[in-house]
Each structure stands twice: as C-alpha cells, then as structure tokens.
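Number of protein chains: 2
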Amino acid sequence: MYTIINNVLVPFQQAAVPINDLSVQRGYGVFDFFRTQNGVALFVDEHLNRLERSAAAMHLKIPYSRDELQEQVDQLMKQHRLPCSGIRITVTGGSSADNYTRGTPHVLIAEQSLLMQDPSQLHPGFRLITYPHVRELPEVKSINYMMGIWLQPKVKAAGAEDVLFVNNDHISELPRSNIFIVSKSGSLFTPSENILHGITRAKIITLAKAILSVELRPVTLTELKEAAEVFVTSTTKRLIPVLSVDANPIGNGRPGEVTRLLYQRFIEMEQKYFEKV
Amino acid sequence: MYTIINNVLVPFQQAAVPINDLSVQRGYGVFDFFRTQNGVALFVDEHLNRLERSAAAMHLKIPYSRDELQEQVDQLMKQHRLPCSGIRITVTGGSSADNYTRGTPHVLIAEQSLLMQDPSQLHPGFRLITYPHVRELPEVKSINYMMGIWLQPKVKAAGAEDVLFVNNDHISELPRSNIFIVSKSGSLFTPSENILHGITRAKIITLAKAILSVELRPVTLTELKEAAEVFVTSTTKRLIPVLSVDANPIGNGRPGEVTRLLYQRFIEMEQKYFEKV
Numbered sequence: 001m002y003t004i005i006n007n008v009l010v011p012f013q014q015a016a017v018p019i020n021d022l023s024v025q026r027g028y029g030v031f032d033f034f035r036t037q038n039g040v041a042l043f044v045d046e047h048l049n050r051l052e053r054s055a056a057a058m059h060l061k062i063p064y065s066r067d068e069l070q071e072q073v074d075q076l077m078k079q080h081r082l083p084c085s086g087i088r089i090t091v092t093g094g095s096s097a098d099n100y101t102r103g104t105p106h107v108l109i110a111e112q113s114l115l116m117q118d119p120s121q122l123h124p125g126f127r128l129i130t131y132p133h134v135r136e137l138p139e140v141k142s143i144n145y146m147m148g149i150w151l152q153p154k155v156k157a158a159g160a161e162d163v164l165f166v167n168n169d170h171i172s173e174l175p176r177s178n179i180f181i182v183s184k185s186g187s188l189f190t191p192s193e194n195i196l197h198g199i200t201r202a203k204i205i206t207l208a209k210a211i212l213s214v215e216l217r218p219v220t221l222t223e224l225k226e227a228a229e230v231f232v233t234s235t236t237k238r239l240i241p242v243l244s245v246d247a248n249p250i251g252n253g254r255p256g257e258v259t260r261l262l263y264q265r266f267i268e269m270e271q272k273y274f275e276k277v
Numbered sequence: 001m002y003t004i005i006n007n008v009l010v011p012f013q014q015a016a017v018p019i020n021d022l023s024v025q026r027g028y029g030v031f032d033f034f035r036t037q038n039g040v041a042l043f044v045d046e047h048l049n050r051l052e053r054s055a056a057a058m059h060l061k062i063p064y065s066r067d068e069l070q071e072q073v074d075q076l077m078k079q080h081r082l083p084c085s086g087i088r089i090t091v092t093g094g095s096s097a098d099n100y101t102r103g104t105p106h107v108l109i110a111e112q113s114l115l116m117q118d119p120s121q122l123h124p125g126f127r128l129i130t131y132p133h134v135r136e137l138p139e140v141k142s143i144n145y146m147m148g149i150w151l152q153p154k155v156k157a158a159g160a161e162d163v164l165f166v167n168n169d170h171i172s173e174l175p176r177s178n179i180f181i182v183s184k185s186g187s188l189f190t191p192s193e194n195i196l197h198g199i200t201r202a203k204i205i206t207l208a209k210a211i212l213s214v215e216l217r218p219v220t221l222t223e224l225k226e227a228a229e230v231f232v233t234s235t236t237k238r239l240i241p242v243l244s245v246d247a248n249p250i251g252n253g254r255p256g257e258v259t260r261l262l263y264q265r266f267i268e269m270e271q272k273y274f275e276k277v
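These protein sequence lines map, in sequence, to chains A and B. The opening residue of the first sequence carries number 1 in this note's numbering; numbering runs sequentially from there. The opening residue of the second sequence carries number 1 in this note's numbering; numbering runs sequentially from there.
No wet-lab data here; the hints were simulated from the structure. Keep in mind that the hints are not guaranteed to be accurate.
[What the hints assert, rightly or not] Capping the alpha-carbon separation at 25 Å, the derived lysine to aspartate or glutamate pairs in DMTMM-like fashion look like this: (1) A/K154 to B/E193; (2) B/K237 to A/D98; (3) A/K225 to A/E257; (4) B/K154 to A/D45; (5) A/K156 to B/E139; (6) B/K156 to A/E136; (7) A/K184 to A/D246; (8) A/K154 to B/E68; (9) B/K156 to A/E139; (10) A/K154 to B/E136; (11) A/K276 to A/D98; (12) A/K156 to B/D98; (13) A/K225 to A/E193; (14) A/K237 to A/E268; (15) A/K78 to B/D98; (16) B/K184 to B/E226; (17) B/K61 to B/E46; (18) A/K154 to B/E139.
[Said to hold, decoys possible] Just some of the chain B residues that point at chain A, by a computed CB distance under 7 Å: (19) A15; (20) P18; (21) S23; (22) Q75; (23) M146.
[Stated by the list, open to error] DEER-style ranges, computed between Cβ atoms: (24) B/A57 to A/T236: 26 to 34 Å; (25) B/R53 to A/A157: 15 to 23 Å; (26) A/L261 to B/T104: 39 to 47 Å; (27) A/P124 to B/V10: 40 to 48 Å; (28) B/P249 to A/P249: 57 to 65 Å.
As the structure is a prediction and not an experimental result, all values here were calculated from the model. Idealized CB from N, CA, C, for every residue including glycine.
Please build the complete structure, drawing on both the sequences and the hints.
Given below as structure tokens:
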C-alpha cells in the first residue's frame, strides 16, 4: 500500500510526518474521508468542498488546487485498484519552528481497504451513552477526536457502541456520526447546531423530505428519549439504528420503519452514484 | 540536533511519526516540557510526575519507567550540551490499525535551544484578549492546542500577545499559561478549576504564601478587571505582567510591586535549583 505525501507516492510503511508538525505538536489539522468502490469516490465533490471549508476555517492554505487534489486521489486509486476503500486526506498545521505558529501544511492522502456492511442488511443497531460535551469548532472536520477516544473505555464499560454528546439538555452529535430522530407524530428531527455537517446527513435529509416532514433545529434529550425511532449516519456507517440511549430503549427497542425505508433509499442513491459516474 | 524516538537517537531532520499514529490521525497524545541550563533540568521531577498523570488520565501507558525516561533525557542533554534549552517529551496515542483505537504510544524526546528573558529584567508585559472556552480535560497536558492556535489571528488583530479563556463570567487560564490576580486589598487569587496545574504556578503559590494571603478558588471576570495587578506564569515565560485585558488597563497599566517581588523570588528559586543539583 502507498500513501501520497505532499504529492509524492510513498510506501505506507515509510509514510511519516515530521515531529515538528503541528498535528503531532498541537493536534492542529483538518481532514476529510470518503469511500470508494471500483475506482469511483462516493460524493467526492461534497467531501472536497468540506475539506476546503475546514482548512479555510482553520487558517490553513491547502497547497494544491481542487484539480490537483482530485488527480492525487485518482492516482492512489489507480495504484491500489481496491474494490472497496476509504480515502483520507489530511491537511496538517505544518512544520513549525516555534512549535505553535502555523506552517505550510503537509497533505497526506491515505487509502485503506474498507469492510462495509452488506448493503442488503440493515445494521442490527447501536446502544449509545450520553456525555456532556460540545466539540471545539464543531463545523470544522478537525483532527481533534480527543474526547471521543478518551470516552472509549466508558462506552465499552457501559456495554454500548458509541457516545452521543449533549449540552444543556440538547443533543448534538456523536464523535463521528450525526443523529436523527423520528418523533411519534412521524416527523424527522436532526440537530442544526454544534455539529459537523455530515455528507451522509445531507443526503438523508434530501431523501427524507420526499417521505416525511423534516426539521433541522435544536433537539432536546427529552425528544430523543420519547422518539419512535433514532438512527445515526456517517460515511462508513451509512445509517445505523439506535436501540437504546443510556440503557433506555428507543421506541420498541427495534429498528423502525422510517429507518428501514431511508436506509433502503440511501443504498439506492449510493448505487446510482457508483453506476452513473 | 537529535531527537530520541522510542529510545533510539535519531537526527532531528529524520525525526518523524508514522501517519497512522493517533496524534496525526486524531490529535490524541500528551506531553510535558521543561527547561534546562547547563545540563540541569529545572523541576524535572514535577514535570515527569505530571507527564505520568497526563498519560494515565488519557489511558496511555508510557512504555518506559521513570528512571528510563530520566536516562533518555540525560542522554539527549549530554549529546547536545546546550547552555539553555527546552526539552519536550511527547507520548502519542500510538499507531492505530483502525485509526481510532489507542495503540502503543510513541515516545518522542526533543530538545531545542531556548532564548530566555534576561533574568534581571522583568518582561515589559502582555496585553490579553478574552475568549469563551474551557479546554477539553484541562488538567491533562494533552497535545490539543487547537483553540489556542486557531485564536492566534484574533489575538494579533487585537494587538494583543495572548488570550485568556473565560467561562460563565469566570476566568480559567491561557492556552499555555496560568493567571494570577493581586486584588486591591492585597490578596493573591488564582483560578482553581478548569486549568492545567502549572509547575511554575505551584512554585509561585509556594513563594507567595510567605508574602501575602493566597486563595485558590474560582475567580470572576469582574475580579480580574478590578485587580491591582495581574500576571501570567509558565515554564518559558516564568512570570509576565498583564497590562490590559480586552484593552482595559489593569491597575495603573504598569507592572505592580507584588508582581516584581514574586518574579525576583522565582528567579532566586530557579538559580538555587540550578546551583544545588
């Protein structure tokens, strides 16, 4: 396997970042991540748009044009020819003489094989715990996952699969996923604030609008607990039902009908994308 | 110059971290930093204690004993023989197969020459801005300085030198310094919560107790604005007067007498340490 570092193809075993880079020194950098299937990168425009927005928000200048980035991604896919992969583009804070001032970013493009859930099977579901937290600059896809990783032992100890961040009785997001609620009255809610604007989230919102009423707005913990259905979305998870939150079952504790329908529609959308390009 | 990576001496130009390390991937890691003078590491026991506490709090197991770490530090100092340096020990989240689960930490020990303020001259002073924020796990010296670095352009635009984090009308700390207030009634206050427990802070508290009343407790923005004197402390800054906060002058806008006295006492303590060891 290879990695592209600053536009140079490097064997993965040798892929490294200087220790004076601000990612290593100060956890400063942004990235994006997308899936590929047989050389087609899913929703790659949306992911590269977000990468550029994240970098700009963090005062980082990506030293390549959009076309150059796309070419590097294509080069890596052609090198590996993986049937199903994830590609991560990281834009670091750059090497810093004083270990604090931003430098010229290093751009790391890495591809790994990805084992995805069989599309014909909805994931059996996640149990979540909640934790009071708002990510720093949540709209930026920064490399800062400190709280998510720090909470992993707590997640495991609770017999759960992931953690939902809450703040002043409002829910926001998981460390790597967005959350949706289907109310008992049949509307879909998803938090509008203190979140990363997920690409899968945006697609699900579009698909859902053809099916039911959709509201992007602050969502309370009470609304979550009284929901008929809850699911989370992300690039690697697609759409995964939530069965319980803090050990309280959601709805009847089984994946709901809206969840199943939206999952089906998303799989269709994904397949159309892979066929069309 | 050399770096010690996982107990191996490596030329600084080649010192690098694999890109699948959780520091690069997820901003996950801890560190500590101390000064040296002619081969003597200032307050090194306190710094290594804190490094061990930070690592434990972040579920990271340092793969070396205290003695082994100390030996590596000594080896690096002997290699460089710098008259005045800073040594940084970083314990990363480790290489991760899934880019999320903690691995075996990489331990990076780097030394750089340090240009310190002439001890006979108190620093002329800092102007601060405030920003609403509490660092994630503030008692841990993690590598996460995302907000501090992100705020740098705002600090510069305001013509200031640094930023003070505030939360619900309480002050906490700067990204890399602790803060102290001398009230008009002649007491010393320093925030007790949502802070990194600075080594210089602890020494100043000890020294101050011989001079005036010292209170470690929550401190309000109002107390800050009405202070007679304000100063900040850190390993590289020692003690620096604060002249203004959000463009409001502190006291008479000049370094105060308590600040000068504590600075003098700290310089004496530091010199005793360097002479005694």
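Okay, the hints, checked on the actual structure:
A threshold of 25 Å between alpha carbons decides the hint, and for A/K154 with B/E193 the separation of about 23 Å falls inside it, so the pair holds. Taken as a hint, the B/K237 and A/D98 pair is honoured in the structure, with Cα atoms around 14 Å apart against an allowance of 25 Å. Taken as a hint, the A/K225 and A/E257 pair is honoured in the structure, with Cα atoms around 18 Å apart against an allowance of 25 Å. Distance check on the hinted pair: B/K154 and A/D45 sit about 31 Å apart at the alpha-carbon level, beyond 25 Å; violated.
Proposed proximity of A/K156 and B/E139 is supported: the alpha carbons are some 24 Å apart, at most 25 Å. Simply put, B/K156 and A/E136 have alpha-carbon atoms about 21 Å apart, close enough for the 25 Å limit, and the pair holds. Distance check on the hinted pair: A/K184 and A/D246 sit about 20 Å apart at the alpha-carbon level, within 25 Å; holds. For the hint linking A/K154 to B/E68, the alpha-carbon distance of about 31 Å lies beyond 25 Å, and the restraint is violated.
The hinted pair formed by B/K156 and A/E139 meets the criterion: a straight-line CA distance of about 24 Å does not exceed 25 Å. Under the criterion of a C-alpha separation no larger than 25 Å, the hint pairing A/K154 with B/E136 is consistent with the structure, at around 16 Å. With a CA separation close to 49 Å, the supplied pair A/K276 and A/D98 exceeds the 25 Å bound. Of the pairs offered as hints, the one joining A/K156 and B/D98 holds, with about 16 Å between alpha carbons and a cut-off of 25 Å not exceeded.
Pair hint A/K225 plus A/E193 holds up; C-alpha atoms about 19 Å apart against a cutoff of 25 Å. Proposed proximity of A/K237 and A/E268 is supported: the alpha carbons are some 15 Å apart, at most 25 Å. Under the criterion of a C-alpha separation no larger than 25 Å, the hint pairing A/K78 with B/D98 is consistent with the structure, at around 23 Å. Of the supplied pair hints, the one linking B/K184 and B/E226 holds, its CA atoms being roughly 8 Å apart against a limit of 25 Å.
Between the alpha carbons of B/K61 and B/E46 the distance comes to roughly 18 Å, so the proposed pair stays at or under 25 Å and holds. Distance check on the hinted pair: A/K154 and B/E139 sit about 19 Å apart at the alpha-carbon level, within 25 Å; holds. At its closest, the beta carbon of B/A15 sits 5 Å from a beta carbon of chain A; the interface hint therefore holds under the 7 Å criterion. A least Cβ separation of about 5 Å between B/P18 and chain A falls short of the 7 Å threshold, and the interface hint therefore holds.
Given the 7 Å rule on beta carbons, the hint for B/S23 holds: about 5 Å separates it from the nearest Cβ of chain A. Because the smallest distance between the Cβ of B/Q75 and any Cβ of chain A comes to about 17 Å, over 7 Å, the interface hint for this residue is violated. Given the 7 Å rule on beta carbons, the hint for B/M146 holds: about 5 Å separates it from the nearest Cβ of chain A. With their beta carbons about 29 Å apart, B/A57 and A/T236 fall inside the hinted range of 26 to 34 Å.
One distance hint, 15 to 23 Å for the beta-carbon pair B/R53 and A/A157, holds here, with the actual separation near 21 Å. At roughly 44 Å, the beta carbons of A/L261 and B/T104 sit within the given window of 39 to 47 Å. Distance hint for A/P124 and B/V10: a CB-CB separation of about 47 Å, consistent with the stated range 40 to 48 Å. About 59 Å separates the C-beta atoms of B/P249 and A/P249, a value consistent with the hinted range of 57 to 65 Å.
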